[in-house]
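These protein sequence lines map, in sequence, to chains A and B. Take 1 as the starting number for the first sequence in the working numbering and just add one per residue. Take 366 as the starting number for the second sequence in the working numbering and just add one per residue.
What the hints contain is simulated information worked out from the structure, not anything from laboratory work. Yeah, the Cβ is synthetic: ideal placement off N, Cα and C, and Gly gets one too. Keep in mind that a hint or two might mislead.
Derived contacts from chain A toward chain B, CB cut-off under 10 Å, selection only [as the list claims (entries may be wrong)]:
{"no.": "1", "residue": "Pro-89"}
{"no.": "2", "residue": "Ala-147"}
{"no.": "3", "residue": "Glu-159"}
{"no.": "4", "residue": "Ala-252"}
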Amino acid sequence: MAELQVSATLAERGLDVHFTIAAGEVLAVLGANGAGKSTTLAVIAGLVGADRAVVRVGNRTLTDTAARVCVPTYDRRIGVLLQNPLLFPHMSVIGNVMFGARRHADRSGARLCAQRLLAEVGAADLADRKPAELSGGEAQRVALARALAAEPEVLLLDEPLAGLDVAGAASVRAVLRRVLTADSRAGLLITHDLIDVLTLADRVLVLEAGQVAEYGPVTDVLAAPRSAFGARFAGVNLVRGVLTEPGVLCAADASVWHGNPLVTVAADVKSGRPGVAVFAPAGVAVYREQPHGSPRNSVRVRIAGLEINGAAVRVRAEEQADGSAGLAADVTPDAVADLGLQVGEQVWFTIKSQAVGLHLADGHT
Amino acid sequence: MRPIGAPSGSLPRWAYLPAMAGAVFFVLPLVAMAFKVDWSRFGSLITSPASRAALLLSLRTATVSTLLCLILGVPLALVLARHRGTLVRILRPLILLPLVLPPVVGGIALLYVFGRLGLLGHYLEAAGIRIAFTTAAVVLAQTFVSLPFLVIALEGAARTAGSDYDMVASTLGAPPTTVWWRVTLPLLAPGLISGAVLAFARALGEFGATLTFAGSRQGVTRTLPLEIYLQREGDPEAAVALSILLIVIAAVVVIGLGGRRIAGWSAGG
Numbered sequence: 001m002a003e004l005q006v007s008a009t010l011a012e013r014g015l016d017v018h019f020t021i022a023a024g025e026v027l028a029v030l031g032a033n034g035a036g037k038s039t040t041l042a043v044i045a046g047l048v049g050a051d052r053a054v055v056r057v058g059n060r061t062l063t064d065t066a067a068r069v070c071v072p073t074y075d076r077r078i079g080v081l082l083q084n085p086l087l088f089p090h091m092s093v094i095g096n097v098m099f100g101a102r103r104h105a106d107r108s109g110a111r112l113c114a115q116r117l118l119a120e121v122g123a124a125d126l127a128d129r130k131p132a133e134l135s136g137g138e139a140q141r142v143a144l145a146r147a148l149a150a151e152p153e154v155l156l157l158d159e160p161l162a163g164l165d166v167a168g169a170a171s172v173r174a175v176l177r178r179v180l181t182a183d184s185r186a187g188l189l190i191t192h193d194l195i196d197v198l199t200l201a202d203r204v205l206v207l208e209a210g211q212v213a214e215y216g217p218v219t220d221v222l223a224a225p226r227s228a229f230g231a232r233f234a235g236v237n238l239v240r241g242v243l244t245e246p247g248v249l250c251a252a253d254a255s256v257w258h259g260n261p262l263v264t265v266a267a268d269v270k271s272g273r274p275g276v277a278v279f280a281p282a283g284v285a286v287y288r289e290q291p292h293g294s295p296r297n298s299v300r301v302r303i304a305g306l307e308i309n310g311a312a313v314r315v316r317a318e319e320q321a322d323g324s325a326g327l328a329a330d331v332t333p334d335a336v337a338d339l340g341l342q343v344g345e346q347v348w349f350t351i352k353s354q355a356v357g358l359h360l361a362d363g364h365t
Numbered sequence: 366m367r368p369i370g371a372p373s374g375s376l377p378r379w380a381y382l383p384a385m386a387g388a389v390f391f392v393l394p395l396v397a398m399a400f401k402v403d404w405s406r407f408g409s410l411i412t413s414p415a416s417r418a419a420l421l422l423s424l425r426t427a428t429v430s431t432l433l434c435l436i437l438g439v440p441l442a443l444v445l446a447r448h449r450g451t452l453v454r455i456l457r458p459l460i461l462l463p464l465v466l467p468p469v470v471g472g473i474a475l476l477y478v479f480g481r482l483g484l485l486g487h488y489l490e491a492a493g494i495r496i497a498f499t500t501a502a503v504v505l506a507q508t509f510v511s512l513p514f515l516v517i518a519l520e521g522a523a524r525t526a527g528s529d530y531d532m533v534a535s536t537l538g539a540p541p542t543t544v545w546w547r548v549t550l551p552l553l554a555p556g557l558i559s560g561a562v563l564a565f566a567r568a569l570g571e572f573g574a575t576l577t578f579a580g581s582r583q584g585v586t587r588t589l590p591l592e593i594y595l596q597r598e599g600d601p602e603a604a605v606a607l608s609i610l611l612i613v614i615a616a617v618v619v620i621g622l623g624g625r626r627i628a629g630w631s632a633g634g
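Make the full structure from the sequences, and use the hints.
Structural data, given as structure tokens:
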């Protein structure tokens with residue numbers, strides 16, 4: 001199996017992405033609706049043309065606009081699994097899977113292959129049913145078996161679990177995990193679900209307005225997101241700014257953030273580079289008056305919302321000066337009552353510098 | 366208490382009056398004809414040599430022209446459904462033209478293409494092929510008027526179906542021709558059947574274009590509708606009997622093969 005190299009520019013949709021997925025690696029692609037996730041997938045599958053694009057799988061060039069190469073979709077060996085399973089309604093379950101296997105096998109070979117794959121996705125007993133008789137989770141597992149039957153070198157998954165109920169999603173996720181980790185295919189997973197990223201992906205790529213806003217290992221991105229979408233996705237606060245000196249970030253609104261030296265970029269980073277301060281809502285304390293004392297970061301905010309978040313109350317502040325998502329603080333219901341917090345009031349959010357990580361904002365290097 | 370369950374968005378009551386009148390307007394002529402026919406002579410009327418020749422010719426030509434409609438119309442409908450180019454935008458209304466054109470005009474138009482002095486007929490004549498006023502002309506006339514029925518029915522079905530299944534099939538390694546036969550056409554089967562039934566029924570009833578372009582030669586170009594028109598002068602009872610026969614054949618085809626499909630098609634657009 002082989003790695004997937006993608007480089008695509010599509011002016012019409014403001015898309016400009018470049019990334020590589022190693023053999024056996026699964027890349028989760030995150031981003032708001034319209035960020036270009038599905039377009040990227042369509043370019044890789046050869047379903048949409050691009051202004052400039054190079055798509056390579058191993059040493060096979062599938063798309064190279066400069067060299068006028070564009071291998072037709074049916075010769076790409078790129079499997080696709082969408083939110084809609086799209087099982088052919090006029091064929092039985094096994095007929096569907098055999099359709100995928102016919103690319104490389106004769107009829108009896110295709111049947112054997114289909115039976116093996118149906119067993120692999122836990123759908124062996126569904127072989128003779130019609131797609132209309134399946135539940136959502138069953139249909140998606142059969143669709144996965146069908147995609148695998150064509151022996152793709154790359155598997156593209158566009159929110160394959162989005163339309164399913166909890167049990168159905170769990171069953172498909174388990175099968176996907178087994179399939180994706182068992183072989184050495186490159187996989188690309190578009191998702192909106194943190195669980196999918198944690199359970200299925202090795203790396204994360206965040207698309208914002210058609211550009212790669214962030215790219216790195218799952219643990220890094222979730223622990224220290226550098227993009228607004230990544231931060232919202234991981235449920236942490238993010239402040240953008242410029243790293244002025246070791247351990248200090250100056251935000252767009254001129255507020256100064258001190259970070260924990262242990263979880264902060266190396267001291268030898270040149271000042272003036274764009275950076276982000278990342279901290280968890282649980283690390284934020286809320287005060288009516290500006291507190292003094294131990295090294296703290298304090299910022300004056302207006303409360304935009306109060307919502308229950310598990311056992312805590314999440315205090316959400318209004319948008320930041322640069323338009324990024326408002327900061328959030330998790331406090332106890334008692335504290336909300338004691339302080340008499342109301343939407344629209346101005347309060348101080350303070351965070352100990354130990355709880356703040358400062359990172360370079362131009363990639364996980 | 367009133368029984369519950371009557372639809373709240375029901376039609377105004379007055380609408381049922383014109384609706385009923387419309388239904389009667391359709392049914393009454395058929396009933397009148399059934400009264401008019403001399404049932405004791407019905408058998409002999411519809412089995413006279415002239416009638417039998419006309420009936421056989423009609424069934425044969427309508428079948429061939431339906432096949433021709435399928436061969437030409439299915440690719441045409443799919444091209445129209447899948448493409449949005451300028452050519453397609455110009456082409457679509459032109460294909461619907463035979464629907465609104467008087468068939469006689471269609472017949473004249475065909476003469477100017479396939480007639481001895483026509484655009485193509487000129488060359489065909491030189492090659493020793495004559496089409497006008499032959500059975501082939503009957504088939505062409507019928508195809509000309511019934512093709513739009515098939516194309517409309519199928520294009521609507523193809524648009525509704527979309528191309529997602531075809532896309533998935535191609536990611537599974539199926540080349541376009543395989544996708545065409547194994548995915549596209551099977552999924553369009555309902556539209557295909559309704560389109561073919563409509564085309565066959567229209568071909569069976571074709572009169573004006575046939576008379577103009579193919580003439581009325583017994584056993585060669587005189588189809589059932591032409592025979593009925595001819596008999597109306599000499600033997601009105603035979604005309605009525607043949608009309609009943611034509612209605613029965615059309616009814617069997619339409620209701621038997623595709624009544625529900627056609628209903629679904631018209632509801633879908």
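Taking the hints in turn, this is what the structure says about them:
1. Pro-89: holds, 7 Å
2. Ala-147: holds, 7 Å
3. Glu-159: With Cβ-Cβ at 15 Å, over 10 Å, it is violated.
4. Ala-252: Violated - the Cβ of A/Ala-252 stays beyond 10 Å from chain B, reaching only about 44 Å at its closest.
Comparing the model with each numbered hint stated earlier shows that hints 3 and 4 do not hold.
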